[in-house]
Amino acid sequence: MLQPPELSDSWASAYLQMLVGMFLFSLGIPAFIQQLAPEDIRHLAQKQMGKWWLALPFLLFAANVALLLEFSHKSVNPEIEKWKEWFAFGIIVFAALALGAFLLSFSKRFNRETVIRGLTSTLHRCYEKTGALDERALCDLISLGISATGGSEKQLVLDAFVEIAASVRANTRYQGQELTKLVRSLLEILDDRERPGDGANYLYGADFLRSILRRPGTLPDWLVLYDDAKAAAQTLIELGLASIRSQRDNRIVFKMLDVGVVCNSAMVYEGGVYALHNGRLLIALYALSKLETEAEKEGGSRDLPIMPNMGGFRLLGLLSHFAAPGVGAGSRAQVYFDRIGTAFFPHLEECLRAARDYFYSRTDFQTADNIAALSAFLKKSKPAPEPLTPEPLI
Amino acid sequence: MKIKTRVLWIEDNAHSDYVHTVGPVLVDGRYDLVIAESASEGIQYVTEQEFDAVIVDLRLPPGDDRRWITVYNHGGSNRTNARLGLEVLHALLRPRDAKVRLEFIPKWVEPKRFAVFTVEPKVEVQSIIEMLDVNVYVQKTAEVSTRVILDILQALA
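Heads up: the protein sequence lines correspond to chains V and G, in order.
Per my numbering, the first sequence starts with residue 1, numbered consecutively.
Per my numbering, the second sequence starts with residue 1, numbered consecutively.
Treat the hints loosely; a few may be bogus.
Stated by the list, open to error - Mimicking DMTMM-like on lysine to aspartate or glutamate, the simulated pairs with C-alpha atoms at most 25 Å apart in a straight line are:
(1) G:K4 to V:E349
(2) V:K297 to G:E48
(3) G:K107 to G:E124
(4) G:K4 to V:E298
(5) G:K4 to V:E194
(6) V:K255 to G:D28
(7) V:K297 to G:D64
(8) G:K140 to V:E6
(9) G:K112 to V:E6
(10) G:K4 to V:E6
(11) V:K51 to G:E110
(12) V:K379 to V:D258
(13) V:K297 to G:E120
(14) V:K255 to G:D52
(15) V:K297 to G:D52
(16) V:K82 to V:D207
(17) V:K255 to G:E124
(18) G:K4 to V:D227
(19) V:K255 to G:D64
(20) G:K99 to G:D28
(21) G:K122 to G:E103
(22) G:K4 to G:E37
(23) V:K255 to G:E37
(24) V:K379 to G:E124
(25) G:K107 to V:D338
(26) V:K379 to G:E143
(27) V:K297 to G:E124
Calculated directly from the structure, the hints in this document are not laboratory data.
Source: prediction; values computed, not measured.
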């Protein structure tokens, strides 16, 4: 049968030595683990843990030694009973197990996922309690996102964003402005010069913004009145431009534009213009194709589907850049007007005038001038068709 | 008035030759082209949106849908052997024989809107394609024209 070693002086001092050894381990190994952790994680993990990790080994060590000496050592208590030998043995086993558990838990705390989970739950808790996101935790999460390398590390932060946004938006206290900072930080995280996001990060980020642009619950005029929606729309445009700048893989940019076209065609327009003037012609063509389809869709089944509205303006704006002198893509614009020039309501000339005014009022003078030039060119090449008389309203 | 023809191209390698294959379609301006890169993504597009034409490659990766991953693995985890494109066509056009049963097949899905564009020689797949009533088949070769997608769309029209 298993027996604990008799608690002789030599065994007792061996026990004590073991405890000291374990104590030193419990101080040394965590220091080593910390050295191995990336700097951003080390700093945040230390902040999350506080000083307890330093106090715990000391406390455990002191308690174990005191128990060992007080109850189990023959020189202190010569009439030692059998159960006390078991007790002393138990102390050593417990100390070894506690050291193992401590080191395991300690090393887990220096894991990126754990740190992010900690910040996420702080943000959840704070929102539940106060109706606002904890500013410091949010800044920490954002800085972790910026310093993370593209791919799975950035993905962890993006996942946290999605989780936080979903729970905040589902909360009845949501005012439509609590996520603005989080949303705006997405560009910093993905378009960081030293550690940019990869293609999958960009697409995930764009999908996240699309989810923000969906109206939550009962808030009316979501896209116009609320900061979070406005921030998401603006960030999506900037993210689209950043993807054209940084992603050489056309697939990624195409998919970004696909996301843009269903929730914010301004991104497709801006992306198309940027791509056209920066030699990414295929992307510019793709953006134009998407705007053409979108403008057509907005008109529904009308005989003249291209309307003088936002979709029509953006389409004409991009076409005017294609047709601008020096760009060398005028034939693509010409192809469009030759085939579709009669599909504008009430007619092309009127749509061009309205589009020019639209861009002029938005201080996009370059596009306004391009549209004016395009209008003049088209007038010269073809007489404008007769305007349609709108059907009388019944 | 419908201006643009909506086209879905299910092809995982489209990106490798974007300028030559996709470029002419975008320049032409008559088509709204959407590219899906896996069986899962292709099926997702088909079930969510309406297309006037669907061009399918026969060698496709499964994507993230478990059902397609299973079929792919049973086919040897190899695009050439698994021929997921054929399974996609089966699932949409002949569901009773399909290995993947879709919950919903849109009404617009009909053989005359589908074309096959693949490296597989026609003799190897002819009987299956005929059984599915897909009439437009083009083999990918090194000499294929840059206008090949436009030609396929013309043939479907």
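Consistency of the hints with the structure:
1. In summary, the hint linking K4 (chain G) to E349 (chain V) is supported, as the alpha carbons are separated by about 22 Å, within the 25 Å threshold.
2. Restraint check: the Cα-Cα separation between K297 (chain V) and E48 (chain G) comes to about 16 Å, which is no more than 25 Å; the hinted pair holds.
3. For the proposed pair K107 (chain G) and E124 (chain G), the alpha carbon gap of about 30 Å is over 25 Å, so the pair is violated.
4. Note on K4 (chain G) and E298 (chain V): the hinted pairing holds, with a Cα-Cα distance of about 13 Å set against a maximum of 25 Å.
5. For the suggested pair K4 (chain G) and E194 (chain V), the alpha carbons sit about 42 Å apart, so the restraint of at most 25 Å is broken.
6. Restraint check for K255 (chain V) and D28 (chain G): satisfied, since their Cα atoms lie roughly 20 Å apart, inside the 25 Å limit.
7. Pair hint K297 (chain V) plus D64 (chain G) does not hold up; C-alpha atoms about 30 Å apart against a cutoff of 25 Å.
8. Note on K140 (chain G) and E6 (chain V): the hinted pairing is violated, with a Cα-Cα distance of about 83 Å set against a maximum of 25 Å.
9. A hinted pair counts as satisfied when its Cα atoms are at most 25 Å apart, and K112 (chain G) with E6 (chain V) does not qualify at roughly 90 Å.
10. Distance hint between K4 (chain G) and E6 (chain V) is unfulfilled; the C-alpha atoms sit about 91 Å from each other, more than 25 Å.
11. Distance check on the hinted pair: K51 (chain V) and E110 (chain G) sit about 68 Å apart at the alpha-carbon level, beyond 25 Å; violated.
12. A C-alpha spacing of about 34 Å is found between K379 (chain V) and D258 (chain V), which places the hinted pair above 25 Å, so the restraint is violated.
13. The straight-line distance between the Cα atoms of K297 (chain V) and E120 (chain G) is roughly 37 Å, outside the 25 Å bound, and the hint therefore fails.
14. A C-alpha spacing of about 20 Å is found between K255 (chain V) and D52 (chain G), which places the hinted pair at or below 25 Å, so the restraint holds.
15. Restraint check for K297 (chain V) and D52 (chain G): satisfied, since their Cα atoms lie roughly 15 Å apart, inside the 25 Å limit.
16. Between K82 (chain V) and D207 (chain V), the direct Cα distance comes to roughly 67 Å. Violation of the 25 Å bound is thereby established for this hinted pair.
17. Our distance criterion of 25 Å between C-alpha atoms is broken by K255 (chain V) and E124 (chain G), whose separation comes to about 34 Å.
18. At most 25 Å may separate the alpha-carbon atoms for a hinted pair to count; K4 (chain G) and D227 (chain V) exceed this at roughly 36 Å.
19. The suggested pairing of K255 (chain V) with D64 (chain G) holds, with an alpha-carbon distance near 17 Å, which does not exceed 25 Å.
20. A hinted pair counts as satisfied when its Cα atoms are at most 25 Å apart, and K99 (chain G) with D28 (chain G) does not qualify at roughly 37 Å.
21. Among the hinted pairs, K122 (chain G) with E103 (chain G) is inconsistent with the structure: their alpha-carbon atoms are about 31 Å apart, more than 25 Å.
22. The suggested pairing of K4 (chain G) with E37 (chain G) holds, with an alpha-carbon distance near 22 Å, which does not exceed 25 Å.
23. For the proposed pair K255 (chain V) and E37 (chain G), the alpha carbon gap of about 11 Å is at most 25 Å, so the pair holds.
24. Of the supplied pair hints, the one linking K379 (chain V) and E124 (chain G) is violated, its CA atoms being roughly 56 Å apart against a limit of 25 Å.
25. Restraint check for K107 (chain G) and D338 (chain V): the C-alpha separation of about 34 Å exceeds 25 Å, so the hint is violated.
26. In summary, the hint linking K379 (chain V) to E143 (chain G) is not supported, as the alpha carbons are separated by about 43 Å, beyond the 25 Å threshold.
27. Taking the CA atoms of K297 (chain V) and E124 (chain G), the gap is near 41 Å; set against the 25 Å cutoff, the hint is violated.
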